Amino acid sequence: MADGLSIDKVYHPYVDALEKELEYRSIYPEAQSRSANPAQIHKLSLGTSFSDHWFGEFYLVGEKDRRGNFELEAYELELKWQLSEQGEYFADWGLLFEYENETEADIEEISVGILSEKEWGRWSGTANLHFIQEWGDDIDDEFETAFAWQSRYRYSQALEPGFEFYTGQTATGLGPLVQGAINLGIRRNLHWEAGLIFGLDNKSPDQTFRFLLEYEF
Amino acid sequence: MNPSRVLFISLIGFCSVYCITAFAASQEFELRIREHLFYPSNLEVPANQKIRLVIINEDATPEEFESYELNREKVIPGNSRTVIFIGPLSPGEYVFFGEFYPRTAQGKIIAR
Numbered sequence: 001m002a003d004g005l006s007i008d009k010v011y012h013p014y015v016d017a018l019e020k021e022l023e024y025r026s027i028y029p030e031a032q033s034r035s036a037n038p039a040q041i042h043k044l045s046l047g048t049s050f051s052d053h054w055f056g057e058f059y060l061v062g063e064k065d066r067r068g069n070f071e072l073e074a075y076e077l078e079l080k081w082q083l084s085e086q087g088e089y090f091a092d093w094g095l096l097f098e099y100e101n102e103t104e105a106d107i108e109e110i111s112v113g114i115l116s117e118k119e120w121g122r123w124s125g126t127a128n129l130h131f132i133q134e135w136g137d138d139i140d141d142e143f144e145t146a147f148a149w150q151s152r153y154r155y156s157q158a159l160e161p162g163f164e165f166y167t168g169q170t171a172t173g174l175g176p177l178v179q180g181a182i183n184l185g186i187r188r189n190l191h192w193e194a195g196l197i198f199g200l201d202n203k204s205p206d207q208t209f210r211f212l213l214e215y216e217f
Numbered sequence: 001m002n003p004s005r006v007l008f009i010s011l012i013g014f015c016s017v018y019c020i021t022a023f024a025a026s027q028e029f030e031l032r033i034r035e036h037l038f039y040p041s042n043l044e045v046p047a048n049q050k051i052r053l054v055i056i057n058e059d060a061t062p063e064e065f066e067s068y069e070l071n072r073e074k075v076i077p078g079n080s081r082t083v084i085f086i087g088p089l090s091p092g093e094y095v096f097f098g099e100f101y102p103r104t105a106q107g108k109i110i111a112r
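Just so you know, the sequences run in chain order C and D.
So for the first sequence, the working numbering puts the first residue at 1; every next one is plus one.
So for the second sequence, the working numbering puts the first residue at 1; every next one is plus one.
Think of the hints as simulated: they come from the structure by calculation, not from any bench.
Certain hints may be false.
Derived BS3-like pairs: lysine-lysine, alpha-carbon spacing no greater than 25 Å straight-line [what the hints assert, rightly or not]:
no., chain 1, residue 1, chain 2, residue 2
1, D, Lys108, D, Lys50
2, C, Lys118, C, Lys64
3, D, Lys108, C, Lys118
4, C, Lys20, C, Lys9
5, D, Lys74, C, Lys20
6, C, Lys203, C, Lys20
7, D, Lys74, D, Lys50
8, D, Lys74, C, Lys118
9, C, Lys118, D, Lys50
10, C, Lys9, D, Lys74
Predicted, not measured: the structure shown is a model, and the values here were computed from it.
Let the sequences and hints guide you as you build the complete structure.
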């Protein structure tokens, strides 16, 4: 969301050819006295790979405010470009292009994200650096950046613990993450992530819970 | 700092790392997929070295090389080839399978 919560998801720089995915993710930031942040953010998306280097995804974004009203707030388009083969260079690289249009206000946003990942044995580290431009009649035109980091230990396919760090215009936070995947048959997987991010400054919610469920087929 | 300067410095850093690491050499090995089987099914590679693995799919149907132990998954369309990079691996065995035909397409990489 434009000027929305910086805590969302860490993107990996990989594309799996011939894959489609249905994704649901939700974010529950704790109430803040200094801003009217939403109680819940829900994102539902459908994505498909176009080749072994390009993946596109369409999102619907809804928000529930502190009074319990739920509204469709925006739609988003994402395009991911895998730049290098996994393990080919010192680190793996990708780019993420995003466009967002709010439905209830004249606010648009475009962003480019640099995605990078590096393995150290069973540990993986993933970094996302986003450059974001917002514009529209209902927002001051502005340029902003956001950064996210995820470290995870590949203990087993079903369970990978780790931690995440997010920083951006509206929040800076750090916290634990667990994720895993369940095989449901030939090229059918259910991937899940759950994280609890603790705010590190006054502008951030004290705690933000995030959850993701992704069906890959 | 000015946002455009942040963007400029970040892009320069990104391009530098990308270019510096773009010519890393590695030893090459070959794996073939035929009638939904991997040949060889046991592939020995040197430990502690980066490996360039060429996978040739001789079948008309796609297959996906997948290994949680190696942290790799890659689709190889029918009658085509691809390259994956693995390692450096500690000595040991690393199982892999074909996700389209997991009952038959199985193997392991043995790092010595």
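Here is what the structure says about each hint:
no., hint, verdict
1, Lys108(D) - Lys50(D), "holds (17 Å)"
2, Lys118(C) - Lys64(C), "violated (36 Å)"
3, Lys108(D) - Lys118(C), "holds (23 Å)"
4, Lys20(C) - Lys9(C), "holds (19 Å)"
5, Lys74(D) - Lys20(C), "holds (15 Å)"
6, Lys203(C) - Lys20(C), "violated (37 Å)"
7, Lys74(D) - Lys50(D), "holds (17 Å)"
8, Lys74(D) - Lys118(C), "holds (17 Å)"
9, Lys118(C) - Lys50(D), "holds (14 Å)"
10, Lys9(C) - Lys74(D), "holds (23 Å)"
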